[in-house]
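**Q** Given next are the chains, with one letter for each unit.
Number of protein chains: 2
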Amino acid sequence: MKLATLRTANGGTTAALATGTDSYLTLPATDVGALLAQPEWRLVIEKAAEAVGDQNIIAAGDADFAPLLPRAGKVICCGLNYGDHIQEMGRDLPEYPTLFAKYADTLVGANDAVEVHGSGRVDWEAELAVVVGSELFHADEDQAREAIAGYTVANDVSMRDWQSRTLQWFQGKAWDGSTPVGPVMVTADEADQHFEVRGYVNGELVQQGNTSTLVFGPAQLLSYISQFTILRPGDLVLTGTPGGVGMGMTPPRFLKDGDVLTTEIDGIGRLENRFRIHAPVPANA
Amino acid sequence: MKLATLRTANGGTTAALATGTDSYLTLPATDVGALLAQPEWRLVIEKAAEAVGDQNIIAAGDADFAPLLPRAGKVICCGLNYGDHIQEMGRDLPEYPTLFAKYADTLVGANDAVEVHGSGRVDWEAELAVVVGSELFHADEDQAREAIAGYTVANDVSMRDWQSRTLQWFQGKAWDGSTPVGPVMVTADEADQHFEVRGYVNGELVQQGNTSTLVFGPAQLLSYISQFTILRPGDLVLTGTPGGVGMGMTPPRFLKDGDVLTTEIDGIGRLENRFRIHAPVPANA
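From first to last, the protein sequence lines are chains A and B. Taken in order, the first sequence gives residues 1 to 285; the numbers are from my numbering. Taken in order, the second sequence gives residues 1 to 285; the numbers are from my numbering.
Excised from the complex, chain A in its bound form (with noise of 0.2 Å):
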């Protein structure tokens, strides 16, 4: 199943299942966070389908997506995460998933532009992105793993003037509306074992990378979150990106104003971000 989180015509939001035609059918929650909080989640969206009626569908092409999760309670996110790209770096494999926080507010709806006021320096991290799909607490891997509800497609998007102003790269990375993701969840029943992740920018492929190579995989970055903090039906963990972010280009490359992000993710779907780069860092930042 592909899950949504679309807006609504009241300025309100709903969950949605994605339908064979090319539709979306309406379900009784107001996001896909608060779909997964209902234990019986899979029972509403069957009793959904059996109730379908016009006004239960829209057409895709009216599809207008929310952050999948605009209430995560956690958004988690894993760097240096693709052992290809670390080893090609030079570096050892980390002993450790290195981790780090942000909030809901990060989050923006796949085709949303982002409005970026007071950095020059806006860098891309193509990145799968997990959904938990049930409490853990000081979980084993197989714990994890059942826990999954599905997968989706995330840039974790990074001011780079900002990160590396402290050591601590949070300040670089919670930007309010900032982070893309969506389009849809895809379940865990019917995801792939491994994603293909892409990365381009105005059309021209700029990061590519497979989660097989993954240093610490999705069950195993749940697994060993939880050993400090509780994960809910509705949090989410993003997996690290591979190589290619503009920082690491020669010379380095930034997003300009009015510049599309793509981030796609094959069996999941595609986030297609515009960019508005609306000042300078501000003089008093």
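If you are wondering where the hints come from, they were derived from the structure by calculation, not from laboratory data. On a predicted model such as this, the values are computed, not experimentally measured, just so you know. Any given hint might turn out to be false.
It does not matter which identical chain is meant; a pair holds if it fits inside one copy or across any two.
What the hints assert, rightly or not - Subject to a maximum C-alpha distance of 25 Å in a straight line, what follows is the list of computed SDA-like cross-link-like pairs (lysine to any residue):
#1 Lys256 - Val206
#2 Lys2 - Val52
#3 Lys256 - Ile277
#4 Lys256 - Phe137
#5 Lys256 - His138
#6 Lys2 - Leu17
#7 Lys2 - Arg232
#8 Lys47 - Arg160
#9 Lys47 - Ile57
#10 Lys2 - Arg71
#11 Lys2 - Asn56
#12 Lys256 - Ala60
#13 Lys256 - Gly53
Go by the hints and put chain B onto chain A.
**A** For chain B alone, kept in the frame of chain A given last:
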């Protein structure tokens, strides 16, 4: 005014006002965050004070402190912020605040036990914390100062073994139920300009500092953070810790099972938390 979040007999919590007579008056909000989310929160308190009856009064001796802001949307921490300590270490004052994020699950009440499973290097960081009282985004320092609801006491307890595993501190800082906060918030209008912050282990003074030596003061921190992410009523910003953490001692010193950590700020209050340290780092973690 001093405001607290108290546990109630029915398993919930309530916001409460400290009265002049060694008791608390319960307020119509589940916690201080929910109270501050009401723009007219001062009026809510006034009305509750007018309608006072025995059923609204809790004797101070019966007060069971929940985390002051059990559902804080953001808990943002600043590191390396005490100028005297930085200079005594021979380092330059930082140009930008070092920021990292936690989630509300990290918070515990003023007298709660802290249960630690899987770290053998549990360290203390006594801190002044700032409670946000109104929305802030792209705010200057004056606007940020206006938006401070009040001040409270926190201890940014840190698992140094996990913190030092990678460059990012998050996994050593975001352990559920490990950051004591409270017992009360003193409203900004009644608070001192500067605060004397002290930490004790089993009654022995280990940390002491005055917030007059902060490199980035409360309003500066809130303004800086608001350049990239919105702050809302009930959000919490921890301002950093003075010298005297266990990691910096020779030899390093960490909390042992049964130790009591006391964190105190004159004019606000005192946290007193017993630590239960259950097991060494598990082999697979």
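**Q** Hints first: check each against the structure and report whether it holds.
**A** Here is how each hint holds up against the structure:
no., hint, in the structure
1, Lys256 - Val206, "within (15 Å within a copy, 50 Å between copies)"
2, Lys2 - Val52, "within (17 Å within a copy, 54 Å between copies)"
3, Lys256 - Ile277, "within (7 Å within a copy, 51 Å between copies)"
4, Lys256 - Phe137, "between (42 Å within a copy, 24 Å between copies)"
5, Lys256 - His138, "between (43 Å within a copy, 22 Å between copies)"
6, Lys2 - Leu17, "within (6 Å within a copy, 49 Å between copies)"
7, Lys2 - Arg232, "within (20 Å within a copy, 33 Å between copies)"
8, Lys47 - Arg160, "neither (47 Å within a copy, 49 Å between copies)"
9, Lys47 - Ile57, "within (15 Å within a copy, 49 Å between copies)"
10, Lys2 - Arg71, "within (19 Å within a copy, 31 Å between copies)"
11, Lys2 - Asn56, "within (16 Å within a copy, 50 Å between copies)"
12, Lys256 - Ala60, "neither (30 Å within a copy, 59 Å between copies)"
13, Lys256 - Gly53, "neither (45 Å within a copy, 63 Å between copies)"
The structure fails hints 8, 12, 13 (numbered hints given earlier, in ascending order).
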